[in-house]
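Each chain is listed here by its residues.
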Amino acid sequence: MTDNLHHLKAEAQRFGLTQLSDPQLAQFANAKAAAERMIDGIPRDFHAYDEPAHVYRASEEA
Amino acid sequence: MTELAYLTLAEASERIRNKQLSPVDYTQALLGRSDDHDTKFNVFLRQTPEVALQHARQAEAELQAGKWRGPLHGIPIGLKDIIDLDGIPTTGHSKILADNLASSDAVVTQRLKEAGGVIVGKLSTHEFAIGGPSFDLPWPPARNGWNRDYFPGGSSSGSGAGLAVGFFPAALGTDTGGSVRNPASMCGIVGMKATYGRVSRRGVLPLSYSLDHVGPMTRTVTDNAILLGIIAGYDPADPGSARVEVPDFTADLGRGVKGLKIGVIRRFYRQDYDADPEITKGIEDAVQILADLGADIQEIDPGPIVDYASANRVILMSEAYSIHEHWLQTRPGDYGDLARERILPGAFMRAVDYMHALRQREVLRKKFSDCMVPVDVAITASSMDPACPIEDAEACERVYGRQARAPFNLTGNPAMAVPTGFASTGLPLSMQIIGKPFDETTVYRVARAYEQATDWVSQHPELG
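For the protein sequence lines, the chains are A and H, in the order given. Per the working numbering, the first sequence runs over residues 256 to 317. Per the working numbering, the second sequence runs over residues 1163 to 1626.
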């Protein structure tokens, strides 16, 4: 087993992804890079009062 | 037979009501058409002839007794196979859920049944409404009715393809990043993603809770407005459902566009993306037609599409992974390659990334709302390209992302794909019409005025 594959398996294990085959581990590695690109597209300089969009509402039935 | 296959919902309904068309004969004719031709298009994952004929016989008996439930009474309709139909598996086009028998109807299914709809079957999708077109699943992907070598769009692929080839006059799809409007665009039909909260999602396999919408798909604008009127309405079992009145969406269909203000979002297809010239021409021709009909056209700019797409992706990935985590941990090999590849990035989204994306969503919702203030509706591209060859994985991947639909899943605005003619290859072209929240009525009004001024809806593919 190469160091890289060993490292990938260990990282996948942290996510509970213990059953990934070698090709699926390669997908897992690509997914990490893809996620980083996606996250880079989101600004992080919000004011503390900038609330997120919500779906949650307090129940009117309580 | 072709004449029955391409009846609109409204035309069929009128004939049924006047007892000129038997719901049983109509249903049998359409089921027979799909029996004859579906090996070419893979529209159905499962036909439900027993269910359909039972619904059709009941409709016929009721109509004979003088009871008319409304415009869907006796009308065949297909369901994307992530929507529950009691007693029939909801597979999500996935091996993971191949035996997932639905124990009740989705709320939308219930509403269709109460309106007298005839459910003819469960339709192809991309795996879990995200992974497709895929050739490594238990069922093949749907193919485009205009040319079976081409992609029909997705993820409501069977709904779009089946309408194009006349297997049913109405279908339901779902839309998280454009999955009603993409197949509508690729298949030359009409697909509406109504305002977030307008239609219940209870009993529909989720992909991303805060972005998912159920939407009507039809061949004409009028049919679409009728169908939305049937499935819309508050549902206390859906946390995202909006407690708002359901208007008559057909009320303004004949009012024309004289005096309406229409904003054109050219930046999405000219600046942010360089759309295929035939797509651009189709939109610009449509805008000119609407101007000739008396609409006041102006350009609006909601900012770069990438801002919307980025927030949409982080939210979608985070929410989808929370749904799929268990199956990815226990049955990763039972996913198709594409679904696994598209869902796995969600593992790396931290809570803080998701929260920032949700905060950005609110910023963009306000920004879009501000840019819509001076207009009644907006027009922009749906897909930046016509359909690509379905077996060209690279082209499908490239075209998949070149779209302007996801911004409206993020903002929640109603958005509808409407045909704008055909490319030189014979494949359909389309545009989107976007409305203000809960103002689907004006979107339909504009779409109907344009539809009446063109003859795209009268054209259908040859099935051979």
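Some clues are possibly wrong.
[What the hints assert, rightly or not] In silico DSBU-like links for lysine-lysine, alpha-carbon gap of 30 Å or less: (1) H:Lys1443 to A:Lys287; (2) H:Lys1257 to H:Lys1275; (3) A:Lys287 to A:Lys264; (4) A:Lys264 to H:Lys1257; (5) H:Lys1181 to H:Lys1257; (6) H:Lys1598 to H:Lys1423.
Keep in mind that the hints were calculated from the coordinates and are not lab data. Source: prediction; values computed, not measured.
We went through each hint and held it up to the structure:
1. A C-alpha spacing of about 39 Å is found between Lys1443 of chain H and Lys287 of chain A, which places the hinted pair above 30 Å, so the restraint is violated.
2. With a C-alpha separation of about 28 Å, the suggested pair Lys1257 of chain H and Lys1275 of chain H falls inside the 30 Å cut-off, and the hint holds.
3. A hinted pair counts as satisfied when its Cα atoms are at most 30 Å apart, and Lys287 of chain A with Lys264 of chain A qualifies at roughly 13 Å.
4. Restraint check for Lys264 of chain A and Lys1257 of chain H: satisfied, since their Cα atoms lie roughly 25 Å apart, inside the 30 Å limit.
5. With a CA separation close to 43 Å, the supplied pair Lys1181 of chain H and Lys1257 of chain H exceeds the 30 Å bound.
6. Distance restraint check for Lys1598 of chain H and Lys1423 of chain H: the Cα-Cα separation of roughly 12 Å lies within the 30 Å cut-off, and the hinted pair is therefore satisfied.
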